[in-house]
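Using the sequences plus the hints, can you model the full thing?
Chains as they are written, first to last, in UniProt numbering: chain A, 1 to 276; chain B, 1 to 328; chain C, 1 to 392.
Each hint should be verified, as a subset may be incorrect.
To be verified - From the structure, some residues in chain A lie toward chain C, with a derived Cβ separation under 8 Å:
(1) 161
(2) 165
(3) 166
(4) 168
(5) 172
(6) 175
(7) 176
(8) 179
(9) 184
As the list claims (entries may be wrong) - Below, in silico cross-link-like pairs of lysine-lysine (DSS-like), each with a Cα-Cα straight-line distance of 27 Å or less:
(10) C:105 <-> C:154
(11) C:113 <-> C:154
(12) B:314 <-> B:243
(13) C:102 <-> C:131
(14) C:71 <-> C:105
(15) C:168 <-> C:102
(16) A:42 <-> B:161
(17) B:221 <-> A:8
(18) B:221 <-> A:10
(19) C:182 <-> C:114
(20) C:131 <-> C:114
(21) B:161 <-> A:49
What the hints assert, rightly or not - Some chain A residues judged to face chain C by a derived CB distance under 10 Å, without partners named:
(22) 164
(23) 187
(24) 190
It is worth saying that the hints were derived from the structure and are not from the lab. Being a predicted model, the structure only gives us computed values, none of them experimental. Just so you know, even glycine gets a beta-carbon here, dropped at the ideal spot from N, CA and C.
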Amino acid sequence: MSRAARRKVKWTAVDVLVLLYALIPVAWIASLSFKDPATITKGTFWPTKWTWSNYTGIFDNGDFVRGLVNSIGIGVISTLVAIVIGTMAAYAVARLAFPGKSMVLGISLLIAMFPQISLVTPLFQIERGLHLFNTWPGLILPYITFALPLTIYTLSTFFREIPWDLEKAAKMDGATPFQAFRMVIVPLAMPGVVTTAILAFILCWNDFLFSISLTSSSRARTAPATISFFTGSSQFEDPTGSIAAAAIVITIPIVVFVLFFQRRIVSGLTSGAVKG
Amino acid sequence: MSANAAGAAAAGGSRPGSGSAAGSGRGAGSGPEKALSEGRRSERRLGWWLCAPAALVMVLVTGWPIVYSVLLSLQRYDLRFPGRKAWIGFENYATVLSSSFWWEAFWVTLLVTVVSVAIELVLGMALALAMYRTLVGRGIVRTLVLIPYGIVTVAAAYGWKYAWTPGTGWLAGVLPAGSAPLTEHWPAIGIITLSEVWKTTPFMALLLMAGLALVPEDALKAASMDGAGPWQRFRLITLPLMKPAILAALLFRMLDAFRIFDNIYVLTNGADSTSSVSIIAYHNLISGLNLGIGSTMSVLIVVAVAVIAFVFVKLLGTSAPGRPAGRR
Amino acid sequence: MAEIVLDRVAKRYPDGTVAVHDLDLDIADGEFIILVGPSGCGKSTTLNMIAGLEDISEGELTIGGERMNEKAPRDRDIAMVFQSYALYPHMSVRENIAFPLKLAKVDKETTGKKVAEAAHILDIESLMDRKPIHLSGGQRQRVAMGRAIVREPKAFLMDEPLSNLDAKLRVQMRTMISRLQKRLGTTTVYVTHDQTEAMTLGDRIVLMRKGLVQQVGTPEELYEHPHNLFVAGFIGSPSMNFLPADICDDGLHNVLGVIPLSTRMRRALEAHHAPEHVILGIRPEAFGDARLIRESRPQGRDLTFTGHVDILESLGAEKFAYIDLEGVGAVQSEHLADAFQGHVADERHVQLVARLDPKSKAREGEDIELDYDPDAIHLFEPETGLNLTESV
Chain A
1 MSRAARRKVK WTAVDVLVLL YALIPVAWIA SLSFKDPATI TKGTFWPTKW
51 TWSNYTGIFD NGDFVRGLVN SIGIGVISTL VAIVIGTMAA YAVARLAFPG
101 KSMVLGISLL IAMFPQISLV TPLFQIERGL HLFNTWPGLI LPYITFALPL
151 TIYTLSTFFR EIPWDLEKAA KMDGATPFQA FRMVIVPLAM PGVVTTAILA
201 FILCWNDFLF SISLTSSSRA RTAPATISFF TGSSQFEDPT GSIAAAAIVI
251 TIPIVVFVLF FQRRIVSGLT SGAVKG
Chain B
1 MSANAAGAAA AGGSRPGSGS AAGSGRGAGS GPEKALSEGR RSERRLGWWL
51 CAPAALVMVL VTGWPIVYSV LLSLQRYDLR FPGRKAWIGF ENYATVLSSS
101 FWWEAFWVTL LVTVVSVAIE LVLGMALALA MYRTLVGRGI VRTLVLIPYG
151 IVTVAAAYGW KYAWTPGTGW LAGVLPAGSA PLTEHWPAIG IITLSEVWKT
201 TPFMALLLMA GLALVPEDAL KAASMDGAGP WQRFRLITLP LMKPAILAAL
251 LFRMLDAFRI FDNIYVLTNG ADSTSSVSII AYHNLISGLN LGIGSTMSVL
301 IVVAVAVIAF VFVKLLGTSA PGRPAGRR
Chain C
1 MAEIVLDRVA KRYPDGTVAV HDLDLDIADG EFIILVGPSG CGKSTTLNMI
51 AGLEDISEGE LTIGGERMNE KAPRDRDIAM VFQSYALYPH MSVRENIAFP
101 LKLAKVDKET TGKKVAEAAH ILDIESLMDR KPIHLSGGQR QRVAMGRAIV
151 REPKAFLMDE PLSNLDAKLR VQMRTMISRL QKRLGTTTVY VTHDQTEAMT
201 LGDRIVLMRK GLVQQVGTPE ELYEHPHNLF VAGFIGSPSM NFLPADICDD
251 GLHNVLGVIP LSTRMRRALE AHHAPEHVIL GIRPEAFGDA RLIRESRPQG
301 RDLTFTGHVD ILESLGAEKF AYIDLEGVGA VQSEHLADAF QGHVADERHV
351 QLVARLDPKS KAREGEDIEL DYDPDAIHLF EPETGLNLTE SV
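Put into structure tokens, the structure is as follows:
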């Protein structure tokens, strides 16, 4: 075999390993979700008897559907708010000179590193006092807060990559500052905004701790937390299949997002984090 | 930063006021208020206005709770016995710090953090090199590797839980009959570490891959002409040049791993001495409804995180991750 | 079309640094003027102040007789071409060129006509639907020019528009810009750090250093009559040779020998309190191979000097001989250090550069007898850098 061919085989082997690493655990949950409840304890990797019943089951479950609605609603609202105010701050941080800029960045960094559990205890008590406990806003507020550092860092990197000369050129071409922003900066920053929005949404969607701590019923509880409250429909029924199906349902949209925007997400994830 | 910008202005004929030095360095050397032109003053105002909403939300949602948390930690405050609420100074701290449960959770957290981050570093580096250098299907590999990142932690944790559940799981099947790894201390900690590693290695790999991109191809070619083998090239050229990226990624992941909650909650819920500090703080709050003790733990966790960050930065001289780009 | 007048214009930053000192400049209608100088000389700041991208700290700027200091860039009716081209990456070539017209709310039909016209002038009609990313450097440059000319502004400002191009393309684009400017007759202010561009493009050159204008004049004036050491060193390639010289009764003592003082020199020295030490400047072009000159002109009126050829560069149309001078240190002067942008000659080792006719038989490693005209010698005051022979 030639050197090139050998190397190709070697890399193919490495790629297959990576593939197995990424896919086997996912395939396992998927397979579990298609298993018939009666055969679920057989311990085989693939189902011996395929069924959709786990999926129909969870969509008949009002709590889970409610959890999905909560997750989507709370996630979308938090993302939108974080993107809007984060974009403003990121633009200022990337483009303007003003005292206090490093403080904004410092606070963001502190929050990004802050252990969420340490906010849970006081927020639990404060939100009960403000009647925010077990409501959408009660989750949206901390989600925005933890999505903001990510938004500000990622977007300010994107803004910095837009050359200054373009804004100057727009001014010379007769644009007002707002026209320059709307016709030149916004279109160029759009890919960055979309990427950041996806990252922020994933962050909110993924949360578990706030959701189980700051809710007490399905009124505002998000899907991941709802799953952890799954019990079988009777005392003797095991919820494994339903949980697996629900896990797949909440995972699929994110995985599709991630795969679809792969390139952008990689640049977004690494831009804010690694250039230190 | 200001030194950079000033240097560029002096050497490059670029104009400090127009910010051709990417703007981020500006303002650092601005002079007295009265010397500011109208343009610069309005720039300041705009900057403040644009940052105000974000800063306000961040400070309101974290600032007051942090203060409140400290206040709660100084009180006897159990929601089950609200009548016994009282200021007790540092008694809660004494209680927590003399509790074997706390220290057990602390050491478990630290162990899981250190072990999982160490494995992630090695595995992530291998993965990063594979993604960066592979000749076959680079796009597919780079895409698929994001799957663990995309999966909701809780969902993945259930996958691992059932995989190791006797009877149900395919992995439990390879173990000797009668073993239930999730109910034994060390196997459970191993599984917790495994699921943590599986989920976050791709993220680590992405950070490291960005670091790999900073290593100039020419330096590697030159080393190879100088007679360095692949391992030597990696050790003598790639690693030193990647050091900042590695340290930043390590710090970032350490602080993140120290907060571990979702995986343990699903896998063992802290049974068999597998609690992390986040788990026992949660249980004290939600199950125990003991605000005083819960807050004390919250404060102690913040202190621990701060100490880790401080030690890391001091010992290894790393800069904080996520600093404004372009100042490599 | 308009003249641009800068009246004692200055740029001062809040931290106290002054980028441009009281600058007086009258740019005539239709003139092509070059701002040139080393990095940090204030040329770009000046351009940005004319553009309105930077505030003017002091003084007054008028364009077409109208005060512009407080006007926003868009109200000044001037177009600018950037070093980075600053093409909008999300717009096609057509949209890029049409952008200023769109902002000015010009109707669709007129816009189409004007864009087509600009594209025709710049020969980019085949590229109109491409995005900037799919263009070569030269093509991007043309699009940037197109965006500038399409709205027929009062003036063009160009900020090092050619410095991102490779050498060959730069020469092509230089002629294109020159032709275009003549054809349109629009007042143009062009910033560059490259003296060759300055010499070949401009009607007049403004040579700046540390925020101060050193000399304003036509390329010939700056080349032949430099006001000071800095101008003499900056203009011309290869640079003028500078040698220390002492003034004695019998003439100018220097490494080339003793040069008798001509009436011109004597008058210049007397006018400046007869200094004892001067810096002698002589361009490489002032030398000639003495052997060739004697063939054509046997009487040999000029002075000669014999030196050892260290390196001989043959460029086809001309030859450059680099002659090692023993026993003399390089002239140390901040004026020259600025002109050469830090590339100061070796202190212990000075080379004289002579431009020779291609027919010269000079060989590397051999001695050569050089002929030179004493009237081509400039004398500079070492401290101030003033050209004594030009300021009588």
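Check your understanding: Of the hints stated earlier, which fail here?
Key -> 1, 15
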